[in-house]
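Enquirer: Could you put the whole structure together from the sequences, leaning on the hints where they help?
Protein chains: 2
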Amino acid sequence: MKKSLGAKTIIYPTPVLIVGTYDAAGKPNVMTAAWGSICCSSPPCVAVALRKATYTHGNIVLQGGFTISIPSEQHVSYADYLGMVSGKKTDKFAATALTPIKSNLVNAPYIKEFPFVLECKLIQQIELGLHTQFIGEILDIKADKGVLDQNGQLDIEKVKPILYAPEANRYFGIGTFLGNAFSIGQNVKKKS
Amino acid sequence: MKKSLGAKTIIYPTPVLIVGTYDAAGKPNVMTAAWGSICCSSPPCVAVALRKATYTHGNIVLQGGFTISIPSEQHVSYADYLGMVSGKKTDKFAATALTPIKSNLVNAPYIKEFPFVLECKLIQQIELGLHTQFIGEILDIKADKGVLDQNGQLDIEKVKPILYAPEANRYFGIGTFLGNAFSIGQNVKKKS
Numbered sequence: 002m003k004k005s006l007g008a009k010t011i012i013y014p015t016p017v018l019i020v021g022t023y024d025a026a027g028k029p030n031v032m033t034a035a036w037g038s039i040c041c042s043s044p045p046c047v048a049v050a051l052r053k054a055t056y057t058h059g060n061i062v063l064q065g066g067f068t069i070s071i072p073s074e075q076h077v078s079y080a081d082y083l084g085m086v087s088g089k090k091t092d093k094f095a096a097t098a099l100t101p102i103k104s105n106l107v108n109a110p111y112i113k114e115f116p117f118v119l120e121c122k123l124i125q126q127i128e129l130g131l132h133t134q135f136i137g138e139i140l141d142i143k144a145d146k147g148v149l150d151q152n153g154q155l156d157i158e159k160v161k162p163i164l165y166a167p168e169a170n171r172y173f174g175i176g177t178f179l180g181n182a183f184s185i186g187q188n189v190k191k192k193s
Numbered sequence: 002m003k004k005s006l007g008a009k010t011i012i013y014p015t016p017v018l019i020v021g022t023y024d025a026a027g028k029p030n031v032m033t034a035a036w037g038s039i040c041c042s043s044p045p046c047v048a049v050a051l052r053k054a055t056y057t058h059g060n061i062v063l064q065g066g067f068t069i070s071i072p073s074e075q076h077v078s079y080a081d082y083l084g085m086v087s088g089k090k091t092d093k094f095a096a097t098a099l100t101p102i103k104s105n106l107v108n109a110p111y112i113k114e115f116p117f118v119l120e121c122k123l124i125q126q127i128e129l130g131l132h133t134q135f136i137g138e139i140l141d142i143k144a145d146k147g148v149l150d151q152n153g154q155l156d157i158e159k160v161k162p163i164l165y166a167p168e169a170n171r172y173f174g175i176g177t178f179l180g181n182a183f184s185i186g187q188n189v190k191k192k193s
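Residue numbers (the working numbering), protein chains in the order written: chain A, 2 to 193; chain B, 2 to 193.
Calculated from the structure, these hints are not laboratory results. Don't take every hint at face value.
As the list makes no split between identical chains, a pair holds if one copy fits it or if it spans any two.
[Said to hold, decoys possible] 30 Å max Cα-Cα, derived DSS-like pairs, lysine-lysine: (1) K146 <-> K90; (2) K3 <-> K89; (3) K4 <-> K122; (4) K89 <-> K113; (5) K4 <-> K53; (6) K146 <-> K3; (7) K9 <-> K103; (8) K4 <-> K103; (9) K161 <-> K9; (10) K122 <-> K159; (11) K103 <-> K90; (12) K90 <-> K28; (13) K122 <-> K53; (14) K28 <-> K122; (15) K4 <-> K159; (16) K53 <-> K28; (17) K159 <-> K103.
Expert: Listed below in structure tokens is the structure:
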């Protein structure tokens with residue numbers, strides 16, 4: 002019998018998403034968020050939930066757009082740092098070796114050094130409680146050539162993304178290949 | 002310079018969420034979803050996006066609740082199968098060795114064999130396009146004792162969750178521990 006743990010906010014795995022915005026003065030800012038995912042295939046949309054107290058929250062409302070940069074394992078200290086300080090008080094690009102690049106599709110910056118980025122136009126803002134969920138239509142994904150496979154598609158084993166374990170507050174890399182989707186389930190299917 | 006890949010629905014990592022519901026006749030159903038995440042800390046909420054064509058979509062609207070079971074690596078074939086067939090035509094529990102357990106908090110079943118489950122009360126339904134996003138308030142998490150650490154908290158290294166790479170349609174396990182959150186970023190912070 003399963004043991005009750007109470008009403009916690011845990012699913013595994015949780016991503017590490019770096020949300021890029023400009024403030025009213027045009028200062029680029031980036032913050033780390035774990036509460037987010039793809040949320041619609043057509044139109045292609047991503048959801049990211051932020052506390053109203055964050056600098057990024059106001060920036061997204063102001064600019065109507067944002068980016069999501071995906072870090073690699075080698076960037077884990079940067080990803081952690083970007084979630085520890087507020088853009089209200091700190092210029093996080095000036096404080097690190099990271100470089101902001103302005104998106105050509107939305108008024109928001111992304112991180113040059115991270116392997117790929119989603120450029121997102123704000124289409125819905127949903128108030129849930131402590132967090133506001135921003136729905137962004139994905140206008141483009143841009144990626145470094147070094148993380149693409151021979152067919153020009155993103156290769157997760159080259160990206161080496163970070164995953165996050167909530168509550169325990171631990172970061173992990175990705176591990177062993179387990180199988181192909183819409184394929185290995187055939188074995189179960191045949192038994193039925 | 003980054004290369005444009007077009008408007009794709011890719012973030013890494015994406016979770017593998019098994020959504021449990023009852024239909025109007027009380028038949029338990031489970032389906033696999035990858036578009037979902039925690040979306041609010043207070044109240045604790047999870048978002049999961051489903052196509053309107055799925056059997057689960059109608060069941061959630063009907064019952065006002067659902068569960069999310071998280072599979073382990075050893076369940077990867079089952080997780081894949083549960084996303085390949087529709088509960089409209091198939092009794093997926095009868096077709097597999099999996100066992101439905103009725104939640105004591107919402108009118109929805111979860112999978113006994115999977116290591117932990119979120120029990121969710123539907124609080125919002127947001128139409129985004131091809132997908133509807135269901136927001137569930139997490140009323141409880143229940144877990145097998147074998148996936149808890151010495152403090153009674155969920156241990157991701159014991160759960161061994163599955164992660165999914167969209168587009169490439171590949172499943173992976175979790176890998177190396179990279180560091181503690183709100184901690185390893187201190188190194189970057191000190192440089193500023």
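Enquirer: Are the hints correct? Go through all of them and say.
Expert: Results of checking the hints against the structure:
When the C-alpha separation of K146 and K90 is checked against a cutoff of 30 Å, the pair qualifies neither within a copy, at 35 Å, nor between copies, at 44 Å. For a Cα distance limit of 30 Å, the shortest separation of K3 from K89 across copies, 29 Å, qualifies, whereas the shortest one inside one copy, 44 Å, does not. Taking identical chains as interchangeable, the C-alpha atoms of K4 and K122 lie at most 30 Å apart only when they sit on different chains, with a minimum of 19 Å there against 42 Å within one chain. For the homomeric pair K89 and K113, the shortest alpha-carbon distance inside one copy (22 Å) is at most 30 Å, but the shortest distance between copies (47 Å) is not.
In this assembly of identical chains, K4 and K53 lie within 30 Å of each other by CA distance neither inside one copy nor across copies; the values are 34 Å within and 33 Å between. For the identical chains of this complex, K146 and K3 are inter-copy neighbours only, at 7 Å across copies versus 46 Å inside a copy, given an alpha-carbon limit of 30 Å. For a Cα distance limit of 30 Å, the shortest separation of K9 from K103 across copies, 20 Å, qualifies, whereas the shortest one inside one copy, 37 Å, does not. In this assembly of identical chains, the alpha carbons of K4 and K103 lie at most 30 Å apart only when taken from different copies (14 Å versus 48 Å within one copy).
Taking the shortest Cα distances, K161 and K9 sit within 30 Å of each other both inside one copy (28 Å) and across copies (19 Å). For the identical chains of this complex, K122 and K159 are intra-copy neighbours only, at 27 Å inside a copy versus 39 Å across copies, given an alpha-carbon limit of 30 Å. Taking the shortest alpha-carbon separations for K103 and K90, only the intra-copy value of 21 Å comes in at or below 30 Å, while the best inter-copy value is 49 Å. For the homomeric pair K90 and K28, the shortest alpha-carbon distance inside one copy (12 Å) is at most 30 Å, but the shortest distance between copies (55 Å) is not.
In this assembly of identical chains, the alpha carbons of K122 and K53 lie at most 30 Å apart whether taken from the same copy (19 Å) or from different copies (24 Å). Proximity of K28 and K122 under a CA criterion of 30 Å is satisfied intra-copy only: 19 Å inside one chain copy versus 40 Å between copies. Only between protomers do K4 and K159 lie at most 30 Å apart by alpha-carbon distance; the minimum there is 15 Å, versus 38 Å within a single protomer. Taking identical chains as interchangeable, the C-alpha atoms of K53 and K28 lie at most 30 Å apart only when both belong to the same chain, with a minimum of 19 Å there against 41 Å between chains.
In this assembly of identical chains, K159 and K103 lie within 30 Å of each other by CA distance solely inside one copy; the values are 24 Å within and 41 Å between copies.
In terms of the numbered hints stated before, the structure departs from hints 1, 5, listed from lowest to highest.
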